[in-house]
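Construct the complete structure from the given sequences, taking the supplied hints into account.
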Amino acid sequence: EAGVVQSPRYKIIEKKQPVAFWCNPISGHNTLYWYRQNLGQGPELLIRYENEEAVDDSQLPKDRFSAERLKGVDSTLKIQPAELGDSAVYLCASRTGTSQETQYFGPGTRLLVL
Amino acid sequence: GENVEQHPSTLSVQEGDSAVIKCTYSDSASNYFPWYKQELGKGPQLIIDIRSNVGEKKDQRIAVTLNKTAKHFSLHITETQPEDSAVYFCAASGSNFGNEKLTFGTGTRLTIIP
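Keeping their order, the protein sequence lines are chains A and B.
For reference, each letter of the first sequence is one residue, going 1 to 114 in my numbering.
For reference, each letter of the second sequence is one residue, going 1001 to 1114 in my numbering.
Just so you know, the hints here were simulated from the structure itself, not pulled from any lab data.
Hints are not guaranteed to be accurate.
[Stated by the list, open to error] Keeping only pairs whose Cα atoms sit at most 30 Å apart, straight-line, the calculated DSS-like set for lysine-lysine is:
| no. | chain 1 | residue 1 | chain 2 | residue 2 |
| --- | --- | --- | --- | --- |
| 1 | A | K71 | B | K1057 |
| 2 | B | K1022 | A | K71 |
| 3 | A | K11 | B | K1057 |
| 4 | B | K1042 | A | K15 |
| 5 | B | K1101 | B | K1042 |
| 6 | A | K11 | B | K1058 |
| 7 | B | K1057 | A | K78 |
| 8 | B | K1057 | B | K1022 |
This is how it looks when you write it as C-alpha cells:
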C-alpha cells in the first residue's frame, strides 16, 4: 500500500513569493491533515479535512495561508505571500476516519524562505 | 488547550541498554497517546499508542505506560539497537480515535552508542 505522497520535497523561494504544496493521502483515507513543523519542534496542526470539508482551520493563518481539497482526495496548501518565518517542514497526514487507526504522515515538504 | 511536555530533549544510551522518555499532559480530557519516531528527512512514523482505558502496552522491545491520575505517560525501549537512533515525539489527543487535534511534545533526540 502506498503511503502519503507529498510534493515537492524541497522548495526555496524569496520572501513575498507564493508557494504551494501538494498532498495525496493513502487511498480510502477520508481525513486529511496539514501540519507545520518548525526546526527542533513537534508538528503543529494547521488544518483538518473530513472528506472535502475543512472541519478545523483554527490554527491556519488565513491572511496568507489557504488550503483546498476539492474532491475529497488530494489537497493543496498555499502560502501567499511567504514570509521568512514560514520556513519549516510542512507535513501532510491522513487516516481512515472510520476506525481507531491513527494518523499516517507523509515525508513532508521542506520550505526555505530567503 | 492541551499542552504536552517531553523530557529529556536529548538522550544517549549504550547499545543494548534501555531508554526511557517521559511526557506530561495538561488536559484531563485527553484519552489517546501515540508515540512517533522521526528519522532524518522523513515524516513521523507511529511506533506505539495507548488509550486511556489501558495502563500499559507492549510491542516487542517497545512499551508505553500511562498514569492518568498524574497525567503522564512514558516510552520504554529495551535492548536498544543503532537503528533506534532518531527523534521521538509523544502526543496527546482528546479522542480515542485520534481524529481530534494531536498536540505533540517537543521531541527527544535518541542516540544509541555502538
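Subject >> Unsatisfied constraints (hint numbers, rising) >> reply: Hints 1, 2, 3, 6, 7 are the ones this structure does not satisfy, whereas the remaining hints hold.
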